[in-house]
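Student: This is what each chain is made of:
2 protein chains.
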Amino acid sequence: MQRKIIRLRDASIISAASVVGKNEAEGPLGDCFDIHDASDKFGMKTWEKAESEMQRIALTTALAKASVGEREINAVFAGDLLNQCVGSAYGLLDFDIPYFGLYGACSTAAEGLTLASMLVDAGIFDVCAAVTSSHYCSAERQYRTPLEYGSQRSPLAQWTVTGAGAFLVGRHGKVKIREVLPGIVIDKGITDASNMGAAMAPAAADTIEKYFALSGADVKDFDAIVTGDLGAEGGRILCELLFAAGINVFDRYLDCGNLIYDCERQDKHSGGSGCGCSAVVLASHFCPRIERGEIKNMLIVGTGALMSPSSVQQGLAIPGVAHLLRLCAEDTED
Amino acid sequence: MQRKIIRLRDASIISAASVVGKNEAEGPLGDCFDIHDASDKFGMKTWEKAESEMQRIALTTALAKASVGEREINAVFAGDLLNQCVGSAYGLLDFDIPYFGLYGACSTAAEGLTLASMLVDAGIFDVCAAVTSSHYCSAERQYRTPLEYGSQRSPLAQWTVTGAGAFLVGRHGKVKIREVLPGIVIDKGITDASNMGAAMAPAAADTIEKYFALSGADVKDFDAIVTGDLGAEGGRILCELLFAAGINVFDRYLDCGNLIYDCERQDKHSGGSGCGCSAVVLASHFCPRIERGEIKNMLIVGTGALMSPSSVQQGLAIPGVAHLLRLCAEDTED
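Taken in sequence, the protein lines are chains A and B. Here our numbering runs 156 ahead of the position in the first sequence, where the first position is 1. Here our numbering runs 156 ahead of the position in the second sequence, where the first position is 1.
Careful, some of the hints might be misleading.
Identical copies go unnamed one by one, so any copy, or any two together, can satisfy a pair.
No farther apart than 30 Å at their CA atoms in a straight line, the calculated lysine-lysine pairs in the DSSO-like style are these [unchecked claim]: (1) Lys376 to Lys160; (2) Lys330 to Lys160; (3) Lys376 to Lys197; (4) Lys201 to Lys344; (5) Lys201 to Lys376; (6) Lys221 to Lys160; (7) Lys197 to Lys344; (8) Lys160 to Lys201; (9) Lys452 to Lys344; (10) Lys178 to Lys376; (11) Lys201 to Lys366; (12) Lys178 to Lys344; (13) Lys330 to Lys376; (14) Lys201 to Lys221; (15) Lys221 to Lys376; (16) Lys178 to Lys160; (17) Lys201 to Lys452; (18) Lys197 to Lys330; (19) Lys452 to Lys197; (20) Lys330 to Lys344.
Calculated from the structure, these hints are not laboratory results.
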């Protein structure tokens, strides 16, 4: 069988950085993030350039935190939601680092970390970077309508996070990447582009079910089982799907999309989404908690909806994908 | 220094398949391709679905050629030019294979082969697939204007290949992948979206120069030095850039974009382009020539232009990237 958990002995996150906008800085995790700009513009004239600039700042910050130079990075894995992933291409242009462009929608951070950790663990690369971003204003214009139209949001809609996260993956960090399980693309026929959580939840359920079946692990082994950005609605669906499969995660389950905003106070409906969501919450909330030993063992499951405005207009359902990583504190027994 | 050639001992292309449209089947390499549909529609109602269907057929054909089942494939690396890479997401939906979405523009085949070969060589995966596609009609609608407008083409424009290529990378194939050198993103200020060859040539020159500097190899060691799809104009620029750097490739140089069409007879201006171009030419022209021993040692350099219609409209220059692989016949001495 081709589906297997890849066990890693020598890969870890040695540095992580986050850059966010106003709403994220005003949310419950606001104090965690490294850098924010209350104008959401980062000194740029277009939202797309602002998104690229966030990636540039995020990678620069991650390098500075680890006191690692650009020339020590063997490869960068990067992607975003903009058409042709230009957020990454332009944002990382200043860095002379071999470049692997990814498209994993909101699972991009997990996809990049998966590839980086496998290649570092195999000894092919010494240090890799994984970078991703999303920007509320560039995403609204591209996927829905320009902000100036003032469209009403659907009750189950999620709010694209304005943020970029950058991770350096190497050998001697405090956040160990012990296992990875890449996901398959799952399409359960969801056609509502305002309910991405429902479209992605079956993919997350598939990957998590497969993980428990293959690993023999127990939910109790984990301090947290975290998804990327299913939001309130998708998270509920996931927990129910898993419960029906005999896996009760209710008291361990968290979602980056639920954590990043106070949805009631900030009027964010079903929570955060976008490549930046899981990237900044992992980089600045979960990684430090693992470093401090508050979390010993957790699963992070990056989830992505692989649709485009054209595919939705043509009536196609929205497929999802979910990549899983097991992260551990340095001294955690296996 | 982070830029290094990755030497592989145990990775090879064990199977390759190509699916093309009418123009490609009528071109000089027409007899090489596995499957073509003269309607370019592949039984579908939209060009986007036709593109996805080509990917599905290409991977199915590659599996059949190698007598390998879907369940033996550990991962698929796939991407295309459509917004959010939906050509791949929908085209490969039927396959229950762990999915890594890529965005490398026209370098996607080389990017996928690079990742697949490193991970197979490291023993992390046994067999991986790399799949990509482009479709003239879906690309024109998205990047330029719908075909119905009948817009005039610029003299240096390239013609997006209607085609999909699929490769299986494993251990005991006849086309050995001996070395890979991933590229960095290079931006030399080209803003003409009708002259992609010029935008990508500096990236190809950078990667090829770096390869010769790091490897100590000589141009004469190679039967062919092949780029993805620089076309006539970009190819000329590349040869001149390399000549100025002391590397004379004129009598070894070939370009997939030049090979796929008889540009004069087929009115294809500067040649072919698109993710499908280098994928189908490599799969059905070069791989068989290596298998037959006609080519012992070659470089294939996949080139991509990392722009979007929005980035061009916003006046940004077009950055390029180029990933290099050295392919050898089974019995070639190192």
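Student: If the cutoff is 30 Å on CA atoms, where do Lys178 and Lys376 land: within, between, both or neither? Let me know, please.
Tutor: neither (36 Å within a copy, 58 Å between copies)
Student: Tell me, please, which holds for Lys201 and Lys452 at an alpha-carbon limit of 30 Å: within, between, both or neither?
Tutor: neither (43 Å within a copy, 52 Å between copies)
Student: Could you place Lys160 and Lys201 in one of the four classes (within, between, both, neither) given a Cα distance threshold of 30 Å?
Tutor: neither (46 Å within a copy, 37 Å between copies)
Student: Which holds for Lys221 with Lys160 at a C-alpha limit of 30 Å: within a copy, between copies, both or neither?
Tutor: between (34 Å within a copy, 25 Å between copies)
Student: How would you label the pair Lys201, Lys376 (within, between, both, or neither) given a Cα cut-off of 30 Å?
Tutor: neither (49 Å within a copy, 50 Å between copies)
Student: First find the shortest C-alpha distance between Lys376 and Lys160 inside one copy, then the shortest across copies, and answer within, between, both or neither for a cut-off of 30 Å.
Tutor: Cα proximity of Lys376 and Lys160: one copy only (22 Å, versus 43 Å across).
Student: Given identical chains, is Lys221 near Lys376, meaning Cα to Cα at most 30 Å, within a copy, between copies, both, or neither?
Tutor: Neither, since 33 Å and 46 Å both go past 30 Å.
Student: How do Lys452 and Lys344 come out at 30 Å by Cα distance, when the copy is not named: within, between, both, or neither?
Tutor: neither (34 Å within a copy, 47 Å between copies)
Student: Checking an output row: Lys201 and Lys344, CA cutoff 30 Å. Within, between, both or neither?
Tutor: between (40 Å within a copy, 22 Å between copies)
Student: Tell me, please, which holds for Lys452 and Lys197 at an alpha-carbon limit of 30 Å: within, between, both or neither?
Tutor: neither (37 Å within a copy, 53 Å between copies)
Student: How do Lys201 and Lys221 come out at 30 Å by Cα distance, when the copy is not named: within, between, both, or neither?
Tutor: Within. Shortest intra-copy distance 28 Å satisfies the 30 Å Cα cut-off; inter-copy 52 Å does not.
Student: From the Cα coordinates, with 30 Å as the cut-off, is the pair Lys330 and Lys344 best called within, between, both, or neither?
Tutor: neither (38 Å within a copy, 40 Å between copies)
Checked against the numbered hints listed earlier, the structure breaks hints 3, 5, 8, 9, 10, 11, 12, 15, 16, 17, 18, 19, 20; every other hint is satisfied.
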